[in-house]
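Peer 1: Sequence:
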Amino acid sequence: MPLTGHCLCKAVTYSADVDEPAITAYDHCDDCQRQSGSTYSLVAVVPKAKLAINGPTKTWSGKGSSGHAVHRVFCSECGSPIAHDPDAAPEIIALKAGTLDWEIKKTLKPTTEIWTVSKLPFCQEQLAHPFEHMPQ
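With positions in the sequence shown counted from 1, the corresponding number in the working numbering is that position plus 38.
It is worth saying that the hints were derived from the structure and are not from the lab. Quick caveat: nothing in here was measured; it's all calculated off a predicted structure. Check before you lean on any hint, since a few could be wrong.
Using 25 Å as the maximum straight-line C-alpha spacing, the simulated SDA-like pairs for lysine to any residue come out as follows [as the list claims (entries may be wrong)]:
no., residue 1, residue 2
1, K157, D68
2, K147, G100
3, K147, V111
4, K88, T145
Distance windows between CB atoms, simulated [to be verified]:
no., residue 1, residue 2, range
5, K144, K101, 33 to 39 Å
6, P94, P159, 35 to 41 Å
7, A87, A107, 17 to 23 Å
8, V155, T42, 31 to 37 Å
9, P40, T77, 25 to 31 Å
10, G105, D57, 32 to 38 Å
11, W98, K48, 20 to 26 Å
12, T77, K101, 19 to 25 Å
Glycine included, every Cβ here is placed at the ideal spot set by N, Cα and C.
Input sequences plus hints: build the corresponding full structure.
Peer 2: Structure (structure tokens):
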């Protein structure tokens with residue numbers, strides 16, 4: 039079964055012809071923190087040749103720590119980040135795992151963390167009073 043997903047407004051859809059990601063990781067790099075607006079980005083790495091993206095996307099390219107470009111693909115309608123595509127590893131692309139379809143993303147099992155040099159110190163703690171939903 040392929041990995042499928044979409045952006046928030048559903049204008050962009052994608053399908054990766056793989057049974058599961060090659061790697062599922064918490065990406066703590068500063069760029070992913072800024073793009074996601076969060077403390078890390080959950081990524082699902084797939085072979086670029088196996089991915090088809092449909093719909094209106096834009097790409098913003100910046101320089102990664104390798105010195106090579108990292109191309110960040112997002113929906114041109116709602117702005118949802120879809121993937122980042124590093125020139126330093128041209129055979130792969132990292133899907134933003136939060137955009138995967140629910141039945142797929144709920145079964146993901148992150149196996150590693152990357153760019154932990156940028157991991158925020160409070161991400162290491164288990165908070166005492168979690169809320170299933172926002173408190174009312």
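Peer 1: Would you mind marking each hint as holding or not holding in the structure?
Peer 2: Against the structure, the hints:
no. : hint                    : result
1   : K157 / D68              : holds (8 Å)
2   : K147 / G100             : violated (29 Å)
3   : K147 / V111             : holds (24 Å)
4   : K88 / T145              : holds (20 Å)
5   : K144 / K101: 33 to 39 Å : holds (35 Å)
6   : P94 / P159: 35 to 41 Å  : holds (38 Å)
7   : A87 / A107: 17 to 23 Å  : holds (19 Å)
8   : V155 / T42: 31 to 37 Å  : holds (33 Å)
9   : P40 / T77: 25 to 31 Å   : holds (29 Å)
10  : G105 / D57: 32 to 38 Å  : holds (34 Å)
11  : W98 / K48: 20 to 26 Å   : holds (21 Å)
12  : T77 / K101: 19 to 25 Å  : holds (22 Å)
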